[in-house]
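Student: Letter by letter, the chains look like this.
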Amino acid sequence: MADNSAAAVQVNAHGEAHNPALLHHFAEPQQQRDAASLGMWVFLATEVMFFGGLFCAYLVYRRWYFGDFAAASKTINMGYGATNTAVLICSSLTVVLAVWAAQTARRTLLIVSLVITMLLGVTFLGIKGIEYREKFVEHHVPGASFSFDKVPIPGHPGQYANPRHAQLFFSLYFVMTGLHALHMIIGLGIFLWLLTMAWKGRFTPEWHTPVEIGGLYWHFVDIVWIYLFPLLYLIDRHP
Amino acid sequence: MSMPTPMPQPERENYLNKEYGVWSWLLTTDHKRIALLYLLSITFFFFIGGFFALLIRLELLTPAGDLVQADTYNKLFTMHGMVMVFFFLIPSIPAVLGNFLVPMMIGAKDLAFPRVNLLSWYLYIIGGVMMLHCMLTGGVDTGWTFYAPFATNFTNTKIVEAGLAIFVAGFSSILTGLNFVVTIHRMRAPGMTWSRLPLFIWAHYATSIIQLLGTPVIAVTIVLVAAERALHLGIFDPKLGGDPLLFQHLFWFYSHPAVYIMILPAMGVVTEIIACFSRKRIFGYSFVAFSSIAIAVFGFLVWAHHMFVAGMSVYAALVFSLLSYAVAVPSAIKVFNWTATLYKGSIHYDAPMLYAFGFLGLFTIGGLTGLFLAALGIDVHVTDTYFVVAHFHYIMVGGAVMGYLGGMHFWWPKISGRLYPEGWARLAALIVFIGFNLTFFPQFILGYMGMPRRYYDYSHMPEFQVLNVLSTAGATVLGVGYLLPMIYFLWSMRYGKPASDNPWNAAGLEWKTASPPPTFNFDEEPVVTWEAYNYEELDAPHSEEVPVGR
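As given, the protein sequences belong to chains A and B, one line each in that order. Mapping of the first sequence onto my numbering: residues 1 to 239, in sequence order. Mapping of the second sequence onto my numbering: residues 1001 to 1550, in sequence order.
Just chain A, with the same shape it has in the complex (with noise of 0.2 Å):
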């Protein structure tokens, strides 16, 4: 008893989780690591019902307002979105050779690994940047100065999209991928500490438990993309 009462202030003198000791309140290292990885997943179900919320706003205003989500979804730059997802789809592909790397104890393949990934992550948001600038420039950010004049609907010559249901394509596009980007930025966050851990040696084939579940925060966070990235980029789109 004693000498876990001394382990457990051990930890809590240390403050963050960088002990890759047994923490006092499990039994072995296998319950300690099945605990934090189910957390993860537990969080991750939470997460695909906060972004299920607005998936259920979008299909709904985009059904009723087929046309003009459609010619909205025309004017945001698919060139962009289709380098953002080759981007993360290749960071997702670093991330998993980071956790073989701290599987296998390969130090240096475990940081080049993180560095990359980190670096697909900022080139993720400053491609995004660059979209969002567009937007502003050509007025279509919602609010005061939006504007939407004579966007043909695709497929339908002669009418125009009608400029309030557009809006609400851009609020949506804007919330959407708001928030996603947010969630880059937690995850950038997280790897920058993983990094620092990775640096000092703190990972080994027995206790590498941050480097995975991290990593499947960002594989759903790349997930929410590929999902994202057909329905706000890729509505009726015909060569």
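Because the hints were derived from the structure by calculation, they are not lab data. Don't take each hint at face value.
As the list claims (entries may be wrong) - With a Cα cut of at most 25 Å, we get these calculated BS3-like pairs of lysine-lysine:
| no. | chain 1 | residue 1 | chain 2 | residue 2 |
| --- | --- | --- | --- | --- |
| 1 | A | 135 | A | 150 |
| 2 | A | 74 | A | 135 |
| 3 | A | 200 | A | 128 |
| 4 | B | 1497 | A | 135 |
| 5 | B | 1344 | B | 1018 |
| 6 | B | 1497 | A | 150 |
Said to hold, decoys possible - Chain B side only, calculated, beta carbon under 8 Å to chain A, not exhaustive:
| no. | residue |
| --- | --- |
| 7 | 1036 |
| 8 | 1114 |
| 9 | 1118 |
| 10 | 1119 |
| 11 | 1185 |
| 12 | 1186 |
| 13 | 1213 |
| 14 | 1220 |
| 15 | 1223 |
| 16 | 1226 |
| 17 | 1231 |
| 18 | 1240 |
| 19 | 1242 |
| 20 | 1246 |
| 21 | 1392 |
| 22 | 1539 |
Said to hold, decoys possible - To give an idea of the interface, some chain A residues facing chain B are shown, with a C-beta separation under 8 Å as derived from the structure:
| no. | residue |
| --- | --- |
| 23 | 29 |
| 24 | 34 |
| 25 | 45 |
| 26 | 49 |
| 27 | 50 |
| 28 | 52 |
| 29 | 57 |
| 30 | 65 |
| 31 | 67 |
| 32 | 76 |
| 33 | 77 |
| 34 | 168 |
Where is the CB? At the ideal position from N, CA and C, for every residue including glycine.
Using the hints provided, position chain B relative to the given structure of chain A.
Tutor: Frame of chain A, contents of chain B only:
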């Protein structure tokens, strides 16, 4: 003459006396200490919410709007609702009793993520401070449901701040649920199989599922409301092509299941109490366990019964009406199984049991009137009347708060290591029961006769005064009933008789450790070799069971 404090000498080291000082509490990761932090904070918010309720009842004492102005009255019932729902009822049993008991009942040393648990309390406090600030600087006047487009486009009150307070407190609720799910899956002691779990645990597991899957939806709804107010996006504004009904759908997708966040843990508490004070294994264990899960699942499919008159399709209304009836089935399964447990039990009328009986009666009334409201025809007649107000107070106050108080009495010896004064406690239980019915039963009649909710002035219908006077009188009695336990609990912390490890001779791992428990709950890791609620074995004269780790 002052009583000497009866300190048992030498005192065992426990979670209360292990460390002293403010920081040992504010930085604790012990689930039991965090439970006490929650207990203090939710009690504080309970009295704030209660103060608003008192002012509402005083205003309605006379038909004329004479105590407060219309605007003030709107803010009173809004802040009453927001504080009571988000800062008292939702955290009440899970964050206090659940936090204290979930690890102990399954034989764990702590929750899976102790620091996340502390974070969740801090999030609650941040949300609470924001809500207090919002109240002190003007409050909100939309009703706790903050419907669009009134909340998004018209009111000038502090919607965004209140919304953010709820957003932050919501994450506290999510983290509590996350901790419980992982703890129940991964931290059970050897031998503690799923079918040996106390039903309190099953109830909290079901509650956690709702917290996890429902709360994010209201969070994102609040984000949309805030964006709408800041930028006039039009998402909920029909003038701009948006749909106010979408707001109601998103809001109730969380806020209906939120009722089950309040009532399911209370059902868990009542199950423990009824088994203990009938000295019987709970009747139909697996039915009671799975009915909790069924309530959580069905609870997600009934939200639109709040919107029958909002302009929804009649076919959707029919489906939601039918599904609302379906959710009554698992609730009824529980009530019948509790009743069957009582049958031929050796019933003891201690204070926790009185609260459990109160719960049984009041929850049944609240549940059955819920069926009235699920019926389309009657719902159209009584929508937005006091009938609805009475119905949900029977569930939330008659059900959830009765369960909470019953649980506080039942586990108080374990929490504090002291016995509360039984006579006073029985008296308080009686006062609460009488006060509650006097307050809310007249409101069923008022509502059925057509008194609308949220009116501060009913001078054109003075015939409603008698019932309103009864209701206000009842609220006063109820207030006394709530103050009493607070007073004697505090009193017992100093002057109460020291409690033995198992004063109720109850089954369950939490009673096999010391009162109050040591920091890691058990001196030795418990190994479970018996079924849940083995009261017949406990009471058999020859079996002298040796408590674990002593």
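Student: So which hints don't hold here, by number, going up?
Tutor: The structure conflicts with hints 3, 4, 5, 6, 7, 9, 10, 16, 21, 22, 23, 31, 32, 33, although it agrees with all the remaining ones.
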